[in-house]
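> Given only the sequences and the hints, what does the whole structure look like? Please build it.
Residue numbers (the working numbering), protein chains in the order written: chain A, 1 to 130; chain B, 1 to 277.
Hints were generated in silico from the structure; no laboratory data involved.
Hints may be right or wrong, so weigh each one.
[To be verified] 27 Å max Cα-Cα, derived DSSO-like pairs, lysine-lysine:
1. B:Lys136 to A:Lys11
2. A:Lys11 to B:Lys244
3. B:Lys122 to B:Lys147
4. A:Lys54 to B:Lys272
5. A:Lys51 to B:Lys272
6. A:Lys44 to A:Lys68
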Amino acid sequence: MSAVNKNINDKDIQVILGTLLRAGVIISMTIVLIGGIIFLIHNKGVITDYKVFKPELAKFSSIAAIFKGLLTFHGDAIVQFGILMLIFTPVARIIFAIFSFLIERDYLYVLIGLIILAIITISLNGGLAH
Amino acid sequence: MSVLLFTIIVLFGAFLAGLLGSLTGLGGGVIIIPLLTLALGVDIHYAIGASIVSVIATSSGSAAAYVKEGITNIRIGMFLEIATTVGAICGAIVAVYLNANYIAIIFGCILIFSAIMTLKKKVDHTTLDHTDKWAKFFRLNGSYPDKGVDHQYAVKHVPAGFLMMLFAGTLSGLLGIGSGALKVIAMDNIMRLPFKVSTTTSNFMMGVTAAASAIVYLHRGQIDPGIAMPVCIGVLTGATVGSKVLLKAKTDKLKIVFAIVVTFLAIQMIYKGISGL
Numbered sequence: 001m002s003a004v005n006k007n008i009n010d011k012d013i014q015v016i017l018g019t020l021l022r023a024g025v026i027i028s029m030t031i032v033l034i035g036g037i038i039f040l041i042h043n044k045g046v047i048t049d050y051k052v053f054k055p056e057l058a059k060f061s062s063i064a065a066i067f068k069g070l071l072t073f074h075g076d077a078i079v080q081f082g083i084l085m086l087i088f089t090p091v092a093r094i095i096f097a098i099f100s101f102l103i104e105r106d107y108l109y110v111l112i113g114l115i116i117l118a119i120i121t122i123s124l125n126g127g128l129a130h
Numbered sequence: 001m002s003v004l005l006f007t008i009i010v011l012f013g014a015f016l017a018g019l020l021g022s023l024t025g026l027g028g029g030v031i032i033i034p035l036l037t038l039a040l041g042v043d044i045h046y047a048i049g050a051s052i053v054s055v056i057a058t059s060s061g062s063a064a065a066y067v068k069e070g071i072t073n074i075r076i077g078m079f080l081e082i083a084t085t086v087g088a089i090c091g092a093i094v095a096v097y098l099n100a101n102y103i104a105i106i107f108g109c110i111l112i113f114s115a116i117m118t119l120k121k122k123v124d125h126t127t128l129d130h131t132d133k134w135a136k137f138f139r140l141n142g143s144y145p146d147k148g149v150d151h152q153y154a155v156k157h158v159p160a161g162f163l164m165m166l167f168a169g170t171l172s173g174l175l176g177i178g179s180g181a182l183k184v185i186a187m188d189n190i191m192r193l194p195f196k197v198s199t200t201t202s203n204f205m206m207g208v209t210a211a212a213s214a215i216v217y218l219h220r221g222q223i224d225p226g227i228a229m230p231v232c233i234g235v236l237t238g239a240t241v242g243s244k245v246l247l248k249a250k251t252d253k254l255k256i257v258f259a260i261v262v263t264f265l266a267i268q269m270i271y272k273g274i275s276g277l
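Dropping the structure here:
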C-alpha cells in the first residue's frame, strides 16, 4: 500500500515539476522578447562592439543593478530581468524538489537538495567573479 | 555593425544552431559559440555568457516533457547535480582568469571530441546487478516506461560517475556549454544507465548546472543583453522546431555531415587560439 502511495506521489511530483519548468521558460522568454523589442526600437542604429571583453562597461552585472534598471523601463534592463528569471527557473525547481522530498519523508534527498541550493547561493556571492 | 543588423544575423545563426544542435544531439551551445567568435568577431567571454543562457532555456524546456513522462531519474539527477554545480562554479571562476585564446583552444578540442561521440555507435551497458552499495544507499536504481512496459535498471560505479560529472560540470562552466556528451559517457559507460534515462537525466541536470555558472558570469558582466537576447530566443526556437522534426527525420547522414562541419569549426577555433597566443 505504501509503495502504491509513493508511486502516485512521485508521478504527481513529476507532473508539477514539468509544468514548473515549462512555465518558467515561457514566462522568462516572453519577458526577454518584450525587452528585446523595446531595446531594438530605441537602439537599432547604434553601432555594436563586442570585439573585446570589457566587464567594466556591463550595466547589469548584479541582481540589484537589474532591478534598478527595470524601474527605468529600458529594453536591455527588461531583457536582463528575463534572463535572471530564466536562471532562477532551475533554482525554483530545486526548491520545489526539496519540499516534495520533505512530503515524501525522504530526508536524504532533502539534504541533497539543500546542499545544491547552498552551492548555488555561494555562486550568488558576486565576490567570486572578481 | 548596427544593433539591428547584428541582432538579425545572430537570431538567424542561433536558430540554425538550435535546430542542428537538437537534430544531432550536440546541443546549441557548441555551435553558437564558434559562430559568434569566428563569424562575427565577438569576444569569447560574451559568447560563453550568451550560450549558457540558451543552455538553460533549451534544457529546461525539453526536461519539462521528459520529467512528465517519468523517464528522468530525479534522484540520480539531483545526486549528481552536487558534482556538476561545484564543477560549474569552479569552471566559471577559472574562465574569468583564463586568456581567451586558451579557452578557444580547449573549446576546439571538446568540440572535436563531441563530434566523434555523436558518430560512435552506442553500446547498451545496462545491468540488473543491484550490488552497488552507493546506489543502494542513495536509492539510485529505478525503472522507466517504454511503450507501456516498465524496464528495471541498476546503477554501478557511483563514485567514478560522480567524479566524471565533476569534470563535466567544470567544462560546462568553463566553456558555457551543456557538455551533454561527457555527462552521457559518465552515465552510460560508467554508471550503466539505459540511454533513455541517461540522456533525459543529463538534460534535467543541465539547467541547474548552467544556472550555477550563469550566476557567476552575470556578476562578471559576461552576460550582455544585446547578445544574449537573440541567442537564447534563436536557439530555443531552433531547438523546439528540431525536436518536432526529429520524430520524423533520419538523422544518421545528417550527423556525419554535421560532424565534419563541427570539426572544421573546431580546427578554426584552435588555430585562432594558437595564433593569438
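> Is the straight-line distance between the alpha-carbon of Lys51 of chain A and that of Lys272 of chain B 27 Å or less?
Measuring from Cα to Cα gives roughly 14 Å; hence the hint holds.
> What's the verdict on Lys136 of chain B and Lys11 of chain A, does the C-alpha distance respect the 27 Å limit or exceed it?
Since the Cα atoms of Lys136 of chain B and Lys11 of chain A sit roughly 21 Å apart, the hinted pair holds (cutoff 27 Å).
> Between the alpha carbons of Lys54 of chain A and Lys272 of chain B, is the straight-line distance 27 Å or under?
Since the Cα atoms of Lys54 of chain A and Lys272 of chain B sit roughly 20 Å apart, the hinted pair holds (cutoff 27 Å).
> Could you grab the alpha-carbon distance between Lys44 of chain A and Lys68 of chain A and see if it respects the 27 Å cut-off?
With a Cα-Cα distance of about 23 Å, the restraint between Lys44 of chain A and Lys68 of chain A holds, given a limit of 27 Å.
> Would you check the hint for Lys122 of chain B and Lys147 of chain B, treating anything up to 27 Å between C-alpha atoms as holding?
Judged against 27 Å, a Cα distance of about 21 Å means the pair holds.
> Against the 27 Å threshold, does the CA-CA distance of Lys11 of chain A and Lys244 of chain B hold or violate the hint?
Given pair Lys11 of chain A, Lys244 of chain B holds - Cα atoms ~25 Å apart, limit 27 Å.
Comparing the model with each numbered hint stated earlier shows that all of them hold.
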